[in-house]
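Protein chains in written order, with our numbering: chain U, 146 to 458; chain X, 74 to 383; chain R, 110 to 425; chain L, 40 to 670.
Some hints could be false.
Unchecked claim - Derived pair list, reagent style DMTMM-like, types lysine to aspartate or glutamate, alpha-carbon separation capped at 25 Å: (1) L:LYS139 / R:ASP280; (2) L:LYS440 / X:ASP149; (3) X:LYS266 / R:ASP412; (4) R:LYS318 / X:ASP375; (5) X:LYS266 / U:GLU247; (6) L:LYS261 / L:ASP137; (7) L:LYS163 / R:ASP149; (8) L:LYS388 / X:GLU151; (9) X:LYS266 / R:ASP405; (10) L:LYS294 / L:GLU644; (11) L:LYS259 / R:ASP186; (12) R:LYS236 / X:ASP375; (13) L:LYS388 / X:ASP149; (14) L:LYS416 / L:GLU579; (15) U:LYS233 / U:GLU210; (16) L:LYS175 / R:GLU148; (17) L:LYS175 / R:ASP154; (18) L:LYS470 / L:ASP495; (19) U:LYS157 / U:ASP355.
What the hints contain is simulated information worked out from the structure, not anything from laboratory work.
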Amino acid sequence: MSDTILSVKDLKVDFRVGRRLFTAVQGVSFELLRGETLSLVGESGSGKTTIGRAIMRLHPASSGEIRYEGERVDGRIPAERERHLRQKVQMIFQDPMASLNERAKIDYIVSEGLLNFGLFKDEAERRQKVERALLEVGLLPEFASRFPHEFSGGQRQRIGIARALVMEPELLIADEPISALDVSIRAQVINLMNRLKRDRKLTYLFIAHDLSVVRFISDRIAVIHRGRLVELAQAERLFERPLHPYTRALLSAVPVPDPDMERVNRHVAYDPLMHDYGTEPPLWRELEVGHFVLSNMREAAEWSALGQVRGQT
Amino acid sequence: MKNDYAQLPVGLFRPAPFDEAAAELTGYAPYSYWRSTFRTFIRNPISVGLLLVIVVFCAMGFLYPVFSNVDPNRVDLETSQWNLSPQSGHPFGTDGLGRDLWARTWHGTRTSMLLGFIIAVLDVGIGMVVGALWGYVRRLDRPMTELYNVLNNVPQPVILVLLPYILRPGFWTIIIALCSTGWIGIARFVRNKVISIRDAEYNVASRCLGTPLHRMISRNVLPYLVSVLIMEAALTIPYSIGSEVYLGFIGLGLPLDTVSLGNLVNLGKNNFMLYPYQLAWPTAIVAAITISFYIVGNRFSDASDPRNHV
Amino acid sequence: MGSYILKRLGQSLVTVVIVVVSVFMLLRLMPNSGYFTREDYVNMDQAARTAYLRNLGVLDNPFVQLAHFAGGLMKGDLGRSISLYPRSPVSSIIAEKAPYSLCFGLASIIISMSLGLGLGVLMARHKDGFADWMGTLYVTVVRAIPSLIWLFFIQLWISGLMGWPMIFYLDRPVSWILPTISFSLAGLGWYAIWLRRFMVDEENRDYVKFATSKGLPRTRVMRGHILRNAMVVLVQYFPQQILLTIAGSLLIESLYNIPGMGGLLVSAVRQQDNPIVQTIVLLYAVLGVLGVFLGDLLMAFVDPRIKLADCSGKGA
Amino acid sequence: MKKRIAGISLVLALIALGTAGAATLDRFDGTYIAEGSSFRYFYTPTTTDQKVAANTQDGLVEQDRYSRFVPSLAESWSSNPDFTEWTFNLRKGIMWVDSKGAKTAYEITADDFVEGFRHVADPKNGIKNLSKDIRKLIFGLNNYYLDLVDIDSGKKKDITRDKALAAFEGVGVKALDKYTVTYKLNVPTPFFLSFLVMELFLPVEKDFLAQVGPDFGVGKDKLLYSGAYYISDWQRDKQIVFKANPFYWDAKTIKVKTINLQKVTDPNVTVQMFQRGELSQADLAADQVKALAGTKWAASIYSDPPAADRFSVTYWFVQNFSSSNPEWKAFINNLNFRKALSYGIDRVKLNELDDPYKPASVIRNTVIPEGQIYDEKGRDYSDYPGIKEIRAAGNYYNKAKAREYLAKALAELTDGKGNIKGVQAAKVDMKPVAEFQVDGKLPLQMLYVHFNDPTDTKRALLLKAMLEDAFGKENIDVQFGQVIDDMFAESVEPRRFDMIYDNFRFGFADPSAQLGRLITDGGINDGQYSDPEYDKLVDEAAKKYILSERYKIFAKAEALFLDRCYVIPWKMGGSVYTITKVVPFTSPKGGFGITRFKYKGMVVEKDPITVKRYEQLKAAFLKELAAVNTK
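Work out the full structure: start from the sequences and follow the hints.
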């Protein structure tokens, strides 16, 4: 299972605010393998959501390329390919209160995608598909005739997932799917997502602002800072051997569920000025197998040595 | 003091069975938007009373001409039958040609209500569609805003006066004249509303699902505007009736042999000094319709605000 | 900021030009027969009628006429009336009439603003109380009964009751009262009802609840928070309202025989006096656009949240 | 033909008698409804313009209280025997006055009259009243005018405009010397004086005109005054104030020194203002008369003020003989049907809408108004045989007769089964006025066209009810078409009507003023009928210059015209009720031109004139009038 389902190369996304141009994402490259969960972690405003939306074609990419199953899906593409993308790539949104159409019944919300692409033979099949999707996310089929505001946050998020599932997607982009939920039901949703991944062989691009959540669901983790990926590695590897100072700062902010250890945990602050990029701009380098870090030559040498040292001890 | 649960008698508590399906139900509160709106609305006796007024006037206006064979334009050649004050046989009296004001009033109510309804439907319909497109389709914003600026700056009298000259005075001319300016405000209003919900997450979600524009507007945008639009429509009706009165005043209203409230008011005003009742009936009805629609519209809009649903 | 203003003004100019050109073209849809009465047709033969129309300049190609109008405009010449007040310079007609409408308009704006905003505050403050009820009743009545009727009654009854003249005389100040009141009444209701609405909306906001809960006296909450924020919404309409008082009111001016601008546009359109119509449309469009622009400026001035450059995309 | 002011002393004595004991005022407060277009007194489309022209300018002649033509700026006049050349001798030393009431350096001379007409005759000045009839009347004028028109339109290029203007020398309006002006006419015109009271023949000072250029008449100081008053104050759409001209040639007759006219559009307001003492006069509609019944004002309301212009106007119903409605066309060309119509319309009842009190008093059965023209023996044209009987018939409304004639018409026009002979079902396209379907069967469908205003609409509805009552709904079905502003251009001229009502002013003092325009293809033959017999009579009459002979044939023609019902005369100009402080019969009266608007000689009292007083004054006046006319 090493085939690449999605690849992003040198992605750049600009926003125009009034007359000013604002670059939200720049030089981002990564590959997403079928069946894995890649988490995109960064603080708010770092551009992680923008990457997700660029893949969903909600924001146009200014340069670079995005390929889904090897085909370009950015810029102007044939309608057929877009149709394929819309079916096979689904998104789960951050705020379950905001992401459901309040004036539509659950039935419509869940079957919206089916309707858009005519993915059913007849009414009965559509209803059956909706029911199945609801059951799959642990909701009662009767809920189909209800309105979103009749549900709790966790239920609504599961409706959002059902809406995605009904399309039988291959790739799910989950944009901070749990950050707006009560802590008590976060696990519920995470478990659901894990189960679905298992059952349906889904691929996730999981967007989060918090490393602690993603550790347990991700195969790989990418850290993004100010629109640029700074580090990407296997999840465990990243936690073990964070190379980029920003990653280290993020990691130090993860609370440890042991008061004694937490007390001695030193929080590291990250100062972008610590880099000396004036003379030599950084590049996206693979410092060890599968471990990419944004760095210039000097840093690369320094950090891989550091990794070495650490690895040795 | 320390709780010692172990000391509690066995059997006092039973472990509750856990039913996942039942647990789902707890998160769910039965609530229907429209039912709540309706309940909030009818809780106020004034609004119900005024709604009743509208219903009664509509009924009189639309049923009277069907069930009565009194011709509102029947002229009495007997001059003694002219300008009769209210009396049996002529509950509202007669006008300067012996025409029965009771019949004229209800025929007039029908004409004016019909005018108001058609204008309201057209204004709101056009305003809604244009406004939704204008707000939702980013590329349209620029040209539409420019169009709005232009239309908004063409003085309304120019249109109101020009059209009857170009098209002849008539029922549909008035409708065109009033609609030609009426929809703009509503479109602007809808556009602003749409912009405020355009980028809401549920719309992004729908876009991710590949929902086409027409369904975005009809399912995602317009349902959010329904209550506001109903209120706009409710206010457009009395506004149209008032405009018809005004147009009649400057001589560009409906043809005067058409029985309408505007024509009745203007004819009544001419004779006001002598026969005040000829002005009083149509004015009272215009006022009652206006007040009713105005208050009912407002109450409805209040009632449709979920924050007011208890 | 400077460049933003320039850009806005540029856009406004385009708007004004389109407005004027479209009304100009619309006017040409009216039949030329409108320039002749029954009597004229009996008196004049075809040659005389054509000659007459040619002298009015209405037989030319509309684009030539438009160019002519634009050319005159460049030189500050608005042309002369052709049918309403034949040969009188349009500029002098407007200069004679506009001051009346402006004076009454401004006086009534002062009255209706001060009283209307006062009433609005009172209504919001005692929401669902007596003042609110009376205010709503007033506004409803003013809106419900065709203005034609109550304006007529005010003229008839109050002037009779007080022994005031029924029409306006320039040299008898007592005759100014009723028209000013008539002008103010509707506006008063407008200000009251909107201020009330905005204030009530503001009152439900969290920051107001917070201010109240931290023990701020109600009057201070009203004045310092609610009124201020509610006014921000209202204030953007003021410049346009003030500028467009120049349009006067057909109804009130004809009732009180005020020689203002009120009926000018309607009569000019009816008599197809194109130079007058064009000038008025131009004037109103310029003032209208300017009013919106000043409204935005004013709003940016009173509302620190708004930066001018961001206004362009936002709705009012 | 020379007239002299008659019995001025007698008049003054009578006025003194009538006003004995009553306090007179030197101020008149009146109203006007529509603002005048300008003070360019040659162009007077509105009544206000005519009032301004009449009071601020004098012509060569004017009409006096008895509507005789009397000298004004011309002291005397004469004409050649065949009435084609008229010479007027001006008063000497009369000066133009400015808007401050001061004498200017300009004297009123013969040149001013020539200059005035030159202004009128130039198509560039857009004087609409310069009718084609007048163009054809004045020698050389028509060609001069048409040349200028052709030059302006680019049709004529062989001559410059200036040269064409210089050709005015050839037109028959000339100053023989400083104080003599002559008019040369194309046809003998014994009634030429009645043209001269029109605004077209007023003078203008040449140098002043050149000085103000296009601004002539746009403000009170942009014209000079030759009349009894000058404009001392003016606010557009508000008021016009006249002050007596101290240098007026007839200044001693001016009793009222200030005339203040205010624009008031609402008749109710006018009445209220009168009651509050703010006005000297208020015209009342029937409703207001009723409203004042029982008040102290009731005793002062009387109708038919003699100075009003009602007499010279006739209202009549026009029937379209060339209608595109085949049913109507078949019927209206049938004399019996026309007679049925004229008997079937209750004209008195129709007038009750305007005047519920004395609706019959203004009914008119003829085309030419009475009391306007007299032959050389002082006999009123309307008393000529043939016409007199028609006048005496009064309201000849008669339902039985109407039905009788209708039965005859139906027998001739239908097959007895309700089918109209020779008429197929058709769509009548009179867009934009109306459009309807006719089936070629009874009931006959007719289109009555009216203005979209309250009174006219009421009238239409009443007429419909009346005809359907007289003829039966099974025989006639009246449909309506509405027009907003210009009935003629929208409806009459393109013949988009079956029936319509209209009114015409009697333009100059000869029956031909109306009868001559009613011939086949005549200027006001809007029904497009053609009657060679009538045409021949009119033609014959026009060739006679002895008035009694002329009138005799005209009377014959008119009687024939009326008998064949080409139009249905209805009534004279509106029946206005007045409440006034103006002593009646003190100001000039005249059916022609603008003299009737003159305030000259008017006497205003402190209190309203009562009906009783009016009746006394009227009796005295009629006696005087009879004396004057037989003299």
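Results for each hint:
Between the alpha carbons of LYS139 (chain L) and ASP280 (chain R) the distance comes to roughly 21 Å, so the proposed pair stays at or under 25 Å and holds. For the hint linking LYS440 (chain L) to ASP149 (chain X), the alpha-carbon distance of about 22 Å falls within 25 Å, and the restraint holds. Our distance criterion of 25 Å between C-alpha atoms is met by LYS266 (chain X) and ASP412 (chain R), whose separation comes to about 21 Å. Restraint check for LYS318 (chain R) and ASP375 (chain X): the C-alpha separation of about 21 Å stays at or below 25 Å, so the hint holds.
Restraint check for LYS266 (chain X) and GLU247 (chain U): the C-alpha separation of about 16 Å stays at or below 25 Å, so the hint holds. The hinted pair formed by LYS261 (chain L) and ASP137 (chain L) meets the criterion: a straight-line CA distance of about 9 Å does not exceed 25 Å. A C-alpha spacing of about 16 Å is found between LYS163 (chain L) and ASP149 (chain R), which places the hinted pair at or below 25 Å, so the restraint holds. Distance hint between LYS388 (chain L) and GLU151 (chain X) is fulfilled; the C-alpha atoms sit about 9 Å from each other, no more than 25 Å.
Annotation: proposed proximity of LYS266 (chain X) to ASP405 (chain R) holds, straight-line Cα distance about 19 Å (limit 25 Å). For a cut-off of 25 Å, the pair hint linking LYS294 (chain L) to GLU644 (chain L) stands: about 11 Å separates their Cα positions. At most 25 Å may separate the alpha-carbon atoms for a hinted pair to count; LYS259 (chain L) and ASP186 (chain R) meet this at roughly 22 Å. Between LYS236 (chain R) and ASP375 (chain X) the CA atoms are separated by roughly 14 Å; this keeps the pair inside 25 Å, and the hint holds.
Restraint check for LYS388 (chain L) and ASP149 (chain X): satisfied, since their Cα atoms lie roughly 11 Å apart, inside the 25 Å limit. Pair hint LYS416 (chain L) plus GLU579 (chain L) holds up; C-alpha atoms about 21 Å apart against a cutoff of 25 Å. Of the pairs offered as hints, the one joining LYS233 (chain U) and GLU210 (chain U) holds, with about 18 Å between alpha carbons and a cut-off of 25 Å not exceeded. In summary, the hint linking LYS175 (chain L) to GLU148 (chain R) is supported, as the alpha carbons are separated by about 18 Å, within the 25 Å threshold.
With a CA separation close to 12 Å, the supplied pair LYS175 (chain L) and ASP154 (chain R) stays within the 25 Å bound. Restraint check for LYS470 (chain L) and ASP495 (chain L): the C-alpha separation of about 20 Å stays at or below 25 Å, so the hint holds. Pair hint LYS157 (chain U) plus ASP355 (chain U) holds up; C-alpha atoms about 24 Å apart against a cutoff of 25 Å.
In summary, the structure agrees with every hint in the numbered list given earlier.
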